[in-house]
Amino acid sequence: MTFDDLHIASILVSTVRNAPVLIFAAMAGLFAERSGVIDIGLEGKILASAFVSAAVAFATKNPWYGVAAGMLVSVALATLQGYVAITQKGNQLVAGIAVNIAMSGLTFVVAQYFFQQGGRTPDLGSARLFDVVLPGSDAVENIPFLGWFYAHLIGGHSVLVYLAFLLVPVVHWVIYHSRFGLRLRACGENPHAADAAGISVERQRYLAMLIAGVLCSFSGAYLAIVQSGFFLRDMSAGAGYLALTAMVFGNWRPFHTFLGCLMFGFFGAVQIQIEGVELPVIGRIPGSLIQMVPYVVTVVVLAGLMAKSVAPKALGTPFVKSR
Amino acid sequence: MQPAVEFRGISKHFGAVKANTDVSFAIAKGSIHGLVGENGAGKSTLMSILYGYYRADGGEILLDGQVQHIRTSQEAIRLGIGMVHQHFMLVENMTVLDNVMLGTEGGFKLAAHRAETEKKLREICDRYRLDVDPLATIHDLSVGAQQRVEILKQIYRSANILILDEPTAVLTAQETESLFEILRLFKEQGKTIILITHKLQEILDITDTVTVMRGGRVIGAVPTASTSKEELANMMVGRPIENNLPRAPYKPGAPVLEVRELQLQDKQGVKLLRDLNFTLRAGEIVAIAGVSGNGQSELMEILSGMRLPTSGQLDYQGKPLPFAGRHDADGLPLAFRELGIAHVPEDRLRDGVIKAFSVMHNTIFGYQDKLKNRWGLLDFKAIARRCADLMKAFDVRPNNHDLSIGLLSGGNQQKVVIAREVLAQPRLMLVGQPTRGVDIGTIESIHTQLLKLRDEGVAILLVSVELEEVRALADRILVMCGGAITGELKIEEFDTTRIGLLMGGMHKS
Amino acid sequence: MNNHDLPRWATAFVMPVLNLLSALLVAALVIYMLGESPAESLGILINSAVVNPEGLSYTLFYASTFIFTGLAVSIAMQAGLFNIGAEGQMYFGGLGLTLAMLAFDSSLPWWLLLPVGMLGAALFGALWSFLPGYLQAKRGSHIVVTTIMFNFISASLMNFVIVKYLVPAGEQNPASRAFADAAAMPLLNQWLPVLGETPLNISFFIAIIALVIYGVVTTRSAWGFKLRATGLNQHAAHYAGIRISKMIITVMLISGALAGLGSVNAIMGSTHYLSLNFVNGAGFVGIAIALMGRQHPLGIFLSSVLFGALIQGGFDLSLEKPNIPIETFIFIQGLIILFCGAMENFYAPAIARLLKRKG
Chain A
1 MTFDDLHIAS ILVSTVRNAP VLIFAAMAGL FAERSGVIDI GLEGKILASA
51 FVSAAVAFAT KNPWYGVAAG MLVSVALATL QGYVAITQKG NQLVAGIAVN
101 IAMSGLTFVV AQYFFQQGGR TPDLGSARLF DVVLPGSDAV ENIPFLGWFY
151 AHLIGGHSVL VYLAFLLVPV VHWVIYHSRF GLRLRACGEN PHAADAAGIS
201 VERQRYLAML IAGVLCSFSG AYLAIVQSGF FLRDMSAGAG YLALTAMVFG
251 NWRPFHTFLG CLMFGFFGAV QIQIEGVELP VIGRIPGSLI QMVPYVVTVV
301 VLAGLMAKSV APKALGTPFV KSR
Chain B
324 MQPAVEFRGI SKHFGAVKAN TDVSFAIAKG SIHGLVGENG AGKSTLMSIL
374 YGYYRADGGE ILLDGQVQHI RTSQEAIRLG IGMVHQHFML VENMTVLDNV
424 MLGTEGGFKL AAHRAETEKK LREICDRYRL DVDPLATIHD LSVGAQQRVE
474 ILKQIYRSAN ILILDEPTAV LTAQETESLF EILRLFKEQG KTIILITHKL
524 QEILDITDTV TVMRGGRVIG AVPTASTSKE ELANMMVGRP IENNLPRAPY
574 KPGAPVLEVR ELQLQDKQGV KLLRDLNFTL RAGEIVAIAG VSGNGQSELM
624 EILSGMRLPT SGQLDYQGKP LPFAGRHDAD GLPLAFRELG IAHVPEDRLR
674 DGVIKAFSVM HNTIFGYQDK LKNRWGLLDF KAIARRCADL MKAFDVRPNN
724 HDLSIGLLSG GNQQKVVIAR EVLAQPRLML VGQPTRGVDI GTIESIHTQL
774 LKLRDEGVAI LLVSVELEEV RALADRILVM CGGAITGELK IEEFDTTRIG
824 LLMGGMHKS
Chain C
833 MNNHDLPRWA TAFVMPVLNL LSALLVAALV IYMLGESPAE SLGILINSAV
883 VNPEGLSYTL FYASTFIFTG LAVSIAMQAG LFNIGAEGQM YFGGLGLTLA
933 MLAFDSSLPW WLLLPVGMLG AALFGALWSF LPGYLQAKRG SHIVVTTIMF
983 NFISASLMNF VIVKYLVPAG EQNPASRAFA DAAAMPLLNQ WLPVLGETPL
1033 NISFFIAIIA LVIYGVVTTR SAWGFKLRAT GLNQHAAHYA GIRISKMIIT
1083 VMLISGALAG LGSVNAIMGS THYLSLNFVN GAGFVGIAIA LMGRQHPLGI
1133 FLSSVLFGAL IQGGFDLSLE KPNIPIETFI FIQGLIILFC GAMENFYAPA
1183 IARLLKRKG
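Residue numbers (the working numbering), protein chains in the order written: chain A, 1 to 323; chain B, 324 to 832; chain C, 833 to 1191.
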């Protein structure tokens, strides 16, 4: 394979299709962390909702019931995390790691119990969510570049893809231009100030965790129902941690986090395409090294070598009223 | 006309501590009222009751002649009481506008209310000359401007009674003058202001009436015009203070510590220490008196190596202290200990001990490297013996060195800390609030111990807010206010009025 | 929650046991819902992991690795650092071990190869933990996120290194060549034939020695004193003259080295070659062990054996009861981390009330 065989077009389309897993999870993490609660448990919530949504979608032959079921499970886990962090004032990092590890095991076990297929769920066949085909896609099909751009890059993706992309400006608006977002940010930066202003910090944080649960469930549903059509063991493959990374990389801001998600989606797409391709001068780059890049970039960001990464000030500190 | 605020017989206790006893006085509407007192006088408690943080045990509060039960700070706000705390309640990365709107956003969508609020804020700023841009972000503002934002918040919430808690602690002279201009404008508009302060000049400059509290009681409530600074100082600290503890005659030796033009500025440029100059000799106790928060804590941190000064010359036994070339103080206290400087910190639980460690472990805390053998292991037999001797000599109870120190009473914890530092046979001992949270019997034994050290030739620098303690221990007294030394007295010159004046910021003139 | 108000016996014994039992109770519930009897499953597990001598041998074999990863996480935890990177540090340590073996296994005698291998493992493990430690100390970069990143980086990097450089020509298996026989840890079944064909080797004793050294250093040495002070109260530690940044970096280096040593048992004791993903979650088990064992040498030992038993017994259980696959024990691991770590003070108020009523 030569450099010419690198299909930029398919890389771009793949990027668009890889990003939603991260976008949903990153937006979920954003709500939690902006309220002051560290959410390392994105991975576990993704897995849990991936399994449940695939299982229920299969059982009911209706992908939307699957999505709803996935939402319930993810919210339950998020509430548990909230209980540990907010009411028990326990270690939020440990709680998140616990959720991830527990779900990694439990999803396999339950999948095995119900479906006897080696810890996966049966193929959903056609019971997957619909694709959005933009009007006139057939007509423009033959126009060079623009046709592809309209019909395949902008159009032709699953409905959840559009949901993910549209979510970003909505999240941005909620966080910066709504009352809920204002209070949320206050709880994450200076909970004592929020408390003095008459806001219940605990309630706000629980609500944030609830939203995180809902948003994160879409990530799992997307993985299982849209991308694969079934649940497979540990299928999240670190997406939860990547989403966290995108959030750190994006300085806890929705649009920048979104860019981070796109970047990781891009690297994921490149990695698959670049295997075996001879690049000029460098030769073949192994996929595994490409895979490494997002993580290295994050460490660089965390080291403060790129822009300064500023977390919400009260992140990770349980709120204890001073009076 | 009814007074804006009237206290009738307010009492409040916390356990055995009587924070307020039978406090009664009135504050006229449209006046600026000063509330003065040293640490522990009861002013903060009283204001907390007014603001709904605490509930009084006895007595009542009347607002505009009506008895009011203020159960929460939300109720206080509704009744028109606003409080500007010493530590601002601001979200740093949000705008002034958003900070003011927090809690009273007026709807799910912020946009509409934002425009309206911005307009209102600009009006208020104009009327009271607050000079704050509602769209500025808090962390871009100076400390003085941030304080004005807090004031703005209270006015926006229609506060008629504004309480300011030690507002000038973080302000420059210019900013203080601007603040007073604003307060005078408020007064003109019929608002009532309560100014909590210990700075006597401020009382004289701006207040119409003043209440002086001491030991939880009202000592005097007078119109400012009819009193003098001496009278105020006397009311604030004046009481018969005896000294009965025996000490050797005062024969100070060679200088141990020489401080020249010591300056400290924090990250925001606020001057915490201004041009300190003093000398400490062997065999003398120099006490730094003053209300807490005037730079004493920072001074102790610098002298113990826990913090770097901004500039200045500090010589210990003739040689400069090892600050040179460092960009942080990480590990520096060790060097200071090796030089023979011991430190009994003000906040023993935060700095001085490890609560979960046993008493025995705490007796070597800070000196652990001196007690290890060549394998790096601690010689616990020797440490236990040392500890037993120490506990006997200082009468630490209960006499069980395996107990975690968190279980001991405050007094016994303090004895352990002092014993530990004394055992290191220091040349210079820095002691901060040694009898805070300590029972009366232990106080005397600690004082006796410190005097003994002084008689043996140790140089001791004592920081204390308790004038009784200063009187009992000091050979010389330095008074600090606003980060500077306002005056110096020899112990024979001990005069509560004079000290009160110096504590209140009135330099010797 | 201030559990300094509770007596030591409550916080050191009663609460950890209650936490563990809570985790196991939830696990039992899940097993019951899977249609199996928890009591019966427990019986099979104990039989396989403890009663059966070969099973016990496997249990202790797994425990040998877990002791090292448990120590790695524990020592960092004592300084207040949450080292999630034991997984990557053990993986990278395996590389160090392998390079040492590939270089020397034909020239050095076994009694030199073993320590050289251990040195390589420890060195590379420390190398992998150095940067997260340095970044936390000097730049304030949160060690949890950086160590998680390094776990992922190690997975990719090792994939690259193994596939590109270590797989012998013509082989399909993503693994290095096998080491010479001299590079094998002596197996214990040489002296105890009842152990059968099991890989339990002298790493077990090395692990115990490591536990003892850890115990002595943390409780009896000046450095251990400073370590624990740093973890308990950084303000006071600064007052006491401890150099916080140096302590953080040092403890992370040691932690990484310990995690690296975990690879010695797995590779030199069992497989004798470096294979892809050989760590297989041992680093994360280390986290559960550190939390459950409360960073105490005895606690770490018992927890490691417990987890070894869970893995070994779980394996046999999964063969007998297909409804309880080995992944069930990953779930149990998560539960233990939850109850012993995040919810460690869950029972504190109840115990405090009980004690108040009695006293």
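Hints are computed from structural coordinates only; laboratory data are not their basis.
It is possible that part of the hints are untrue.
A few chain C positions that, by computed beta-carbon distances, are all more than 12 Å from chain A [stated by the list, open to error]: (1) 869; (2) 870; (3) 878; (4) 934; (5) 1012; (6) 1081.
Taking CB as the label site, the calculated pair distances span [said to hold, decoys possible]: (7) A/154 - C/853: 53 to 63 Å; (8) C/1066 - A/304: 18 to 28 Å; (9) A/130 - B/410: 53 to 63 Å; (10) A/296 - C/943: 34 to 44 Å; (11) A/59 - B/442: 23 to 33 Å; (12) A/296 - B/463: 27 to 37 Å; (13) A/296 - C/867: 41 to 51 Å; (14) C/1108 - A/116: 21 to 31 Å; (15) C/1041 - A/169: 58 to 68 Å; (16) C/1108 - A/296: 16 to 26 Å; (17) B/338 - C/864: 43 to 53 Å; (18) C/1066 - B/397: 31 to 41 Å; (19) B/430 - C/1188: 39 to 49 Å.
In this text, all values refer to a predicted model and were calculated from it rather than measured experimentally.
Where is the CB? At the ideal position from N, CA and C, for every residue including glycine.
Quiz prompt | Index of numbered hints that the structure contradicts, given in increasing order | solution = The structure breaks only hint 11.
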